[in-house]
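Place chain B on chain A using the hints.
There are 2 protein chains.
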Amino acid sequence: MSKQRWAKRKGTIAERELIEKFWGSEGWCAHRIAGSGSNKFPSPDLIVGNSLRKLAIEVKITSDDKKYFTEDEIFGLKEFSNIFGAEAWVAIKMLKEWYFLNIEDLRQTGKSYAVSIDELRNKGLLFEELIK
Amino acid sequence: MSKQRWAKRKGTIAERELIEKFWGSEGWCAHRIAGSGSNKFPSPDLIVGNSLRKLAIEVKITSDDKKYFTEDEIFGLKEFSNIFGAEAWVAIKMLKEWYFLNIEDLRQTGKSYAVSIDELRNKGLLFEELIK
Numbered sequence: 074m075s076k077q078r079w080a081k082r083k084g085t086i087a088e089r090e091l092i093e094k095f096w097g098s099e100g101w102c103a104h105r106i107a108g109s110g111s112n113k114f115p116s117p118d119l120i121v122g123n124s125l126r127k128l129a130i131e132v133k134i135t136s137d138d139k140k141y142f143t144e145d146e147i148f149g150l151k152e153f154s155n156i157f158g159a160e161a162w163v164a165i166k167m168l169k170e171w172y173f174l175n176i177e178d179l180r181q182t183g184k185s186y187a188v189s190i191d192e193l194r195n196k197g198l199l200f201e202e203l204i205k
Numbered sequence: 074m075s076k077q078r079w080a081k082r083k084g085t086i087a088e089r090e091l092i093e094k095f096w097g098s099e100g101w102c103a104h105r106i107a108g109s110g111s112n113k114f115p116s117p118d119l120i121v122g123n124s125l126r127k128l129a130i131e132v133k134i135t136s137d138d139k140k141y142f143t144e145d146e147i148f149g150l151k152e153f154s155n156i157f158g159a160e161a162w163v164a165i166k167m168l169k170e171w172y173f174l175n176i177e178d179l180r181q182t183g184k185s186y187a188v189s190i191d192e193l194r195n196k197g198l199l200f201e202e203l204i205k
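Chains as they are written, first to last, in my numbering: chain A, 74 to 205; chain B, 74 to 205.
With the rest of the complex left out, here is chain A (with noise of 0.2 Å):
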């Protein structure tokens, strides 16, 4: 398997186990969108909500201590959440855990936006605080 189709299944495997844990927790559900990366529309790759709250996620993975959205990934859900109606988060499992990040706190480096493991430990929130 070539190394870009080896990204793109660890994304979907983790896009997968992150479902799993909105549908585990009382009143919420989530879905992948359809081609999310290749959309033609601006899109996050889950949508997920309870009868009050909807929150558009763009969902990484990564066993280093950083990691980078480009432009494109950054302005697709910034787009779509104005138009749904939904908030705006990025979901990172970095060194096995789920930090959240409002993208109002993410941090732009040139053309692209920066997340450290420090600036999760800081600024992001535990999925127990994001659904609470």
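I should point out that these hints are in silico values taken from the structure, not numbers from a laboratory.
Careful: at least some of the hints might be erroneous.
As the list makes no split between identical chains, a pair holds if one copy fits it or if it spans any two.
For lysine to aspartate or glutamate, the following EDC-like pairs were computed, each having C-alpha atoms within a straight-line distance of at most 16 Å [claimed, not checked]:
(1) K113 x E93
(2) K151 x E93
(3) K127 x E160
(4) K139 x E192
(5) K94 x E201
(6) K113 x E90
Quick caveat: nothing in here was measured; it's all calculated off a predicted structure.
Just chain B now, kept in the frame of chain A:
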């Protein structure tokens, strides 16, 4: 291509057509749910919305003047809509026109739900009526 695969392909094309219609309407957006037919969690085909309304939609297309939904399809649609806090609709392209029917207006016939062209013309909404 097998009959079953062709039916699935036609369904996907219909879903994409509907998605284009929503994105083409001021303030609306729409996405397909990944693997909605084979999903282990209750799922609609589409999630659609604007800042005020959220719609979960099951989509069918037919050249016939009646169409059936399975119990599983309607149960999944209803279940997801309850949790997510969305209006539950079926969208049917019948005799080349799109109609939208609230699931409360579906008629149960044994183990499935039936919709005829007469019912769609009487109780269904056209696209412009649905989104206004």
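Checked hints:
When the C-alpha separation of K113 and E93 is checked against a cutoff of 16 Å, the pair qualifies only between copies, where the shortest distance is 10 Å, while the shortest distance within a copy is 27 Å. Within a single copy, K151 and E93 get their C-alpha atoms no closer than 24 Å, and across copies no closer than 20 Å, so neither meets the 16 Å cut-off. Taking the shortest Cα distances, K127 and E160 sit within 16 Å of each other both inside one copy (6 Å) and across copies (14 Å). Within a single copy, K139 and E192 get their C-alpha atoms as close as 9 Å, which meets the 16 Å cut-off; across copies the closest is 56 Å, which misses it.
For the identical chains of this complex, K94 and E201 are intra-copy neighbours only, at 10 Å inside a copy versus 37 Å across copies, given an alpha-carbon limit of 16 Å. Within a single copy, K113 and E90 get their C-alpha atoms only as close as 26 Å, which misses the 16 Å cut-off; across copies the closest is 13 Å, which meets it.
Against the hints set out earlier in the document, a violation occurs for number 2 only.
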